[in-house]
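> Next come the chains, spelled out residue by residue.
2 protein chains.
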Amino acid sequence: MQAVESGEADYAVLPIENSSAGAVSDNYDLLIKYHNYIVAETYVTVNHALLGLPGARLEDIHTVFSHPQALMQSSEYLNSNRQWNQVSVKNTAVAAKKVLEDGDVTQAAVASETAGRLYGLKVLKSSINYNKNNTTRFIILAKKPLYREAADKVSICFEAPHRSGSLYNLLGNFIFNNVNMVMIESRPIPGRNWEYRFFVDIEGNLSQPAVVNALNGIRSEAAVLRILGNY
Amino acid sequence: MQAVESGEADYAVLPIENSSAGAVSDNYDLLIKYHNYIVAETYVTVNHALLGLPGARLEDIHTVFSHPQALMQSSEYLNSNRQWNQVSVKNTAVAAKKVLEDGDVTQAAVASETAGRLYGLKVLKSSINYNKNNTTRFIILAKKPLYREAADKVSICFEAPHRSGSLYNLLGNFIFNNVNMVMIESRPIPGRNWEYRFFVDIEGNLSQPAVVNALNGIRSEAAVLRILGNY
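If you read the sequences in order, they're chains A and B.
First residue of the first sequence: 1, per the working numbering; consecutive thereafter.
First residue of the second sequence: 1, per the working numbering; consecutive thereafter.
Don't read these hints as lab results, they were simulated from the structure.
Honestly, I wouldn't trust all of these hints.
The list makes no distinction among identical chains, and a pair is therefore deemed to hold if it is satisfied within one copy or across any two copies.
As the list claims (entries may be wrong) - Taking lysine-lysine pairs in the DSS-like style, the calculated list, with each CA pair at most 25 Å apart, reads: (1) K33 - K132; (2) K122 - K144; (3) K125 - K98; (4) K125 - K143; (5) K97 - K144; (6) K144 - K125; (7) K153 - K125; (8) K90 - K125; (9) K98 - K122; (10) K97 - K122; (11) K33 - K153; (12) K143 - K132; (13) K33 - K143; (14) K144 - K98; (15) K132 - K144; (16) K33 - K90.
The structure displayed is predicted, hence computed values, not measured ones.
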């Protein structure tokens, strides 16, 4: 996101939501920290395997490394092995690399089978994600907005003022304009306890009067409104 | 939650939301997995310190252990030390205990100063949470609902059917009945990609006609409605 904002990279690809584990909260915060625009989205099926050293056996495993989201997506299987310590690391590839480098047969990683082949690890158990259609929605971001006529989703973010009824009034703008919300996610505003930013995805295009009316209504009531993209 | 449901314990106390890090998603899922009721809530100020062995120095630290929420709440400070590995463990007390037991001066824990005293650790840096009013909202749950006349918050959970406009229609029930939402949080429904459960806190009491009307409206449109508590 930093590289896109500074012009060093053309695009950023961020996982934003998983069908089993839900929102990737930290990445919502990045949408605010950096001033890039969502220009597209894509859905990727994710299959996790339990990977160990070539000589490892399932019954020897003591510690399992992975990204917190991958641990959550495989929680049913992992939690059924109560003696396993689950340890979070930066991403699933780091987990696979760590198992290879530590050379300890009691360690395993939750990562893709592709990562397993890359690091020469053995599949101890395949497809351990409890949702067999485990899918992650990724958004693609660029420094400048890109509006296409066929775009049918608008992502926005607004801050609700800290007074009774503010969320009610803000969401009323969508409802009274017949604009459909397909996603709503709230995140705390740093340094302002119990005040929230709302991330909302609506159906439509910024050329439609109903969408424009709803956003104008929000703009007049919210402390801050940002249009994150129309794609 | 399991112990409360089975009658083994009278109450469960769950952290549900932090003023810096946001929702504690896993605990929202526990509200559905177990059939307990929220009977009260309380706010607790949380101060994190960086703790090491008595002989440790800040410049020797290589790995920092804590609960993912504590790492997030201290992320500004921790991320400014790029050479530190951040490792998640079950809770902050486990992190402090691990540092004591491993006896390695390159390890530190993010935990309360109280935990530091309990495990004989030294405060390497105090108050490392970036929000100085860092506060966690805890909910108290019991096996049976407890309705008090003075209760002014109702927590509910409903599933939105998977068709365009369903969230719009559901939230309309609050807006048309003048019922104020103070919190909305969505979680994926396991096994049903891109369908959501919504957790909503509203102002009011189950004895108020507007609240009853709104909930009846939701009940007639949502696949599932659960009243989690009125407190």
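> Of the numbered hints stated earlier in the document, which are not met by this structure?
2, 4, 5, 6, 7, 12, 14 and 15
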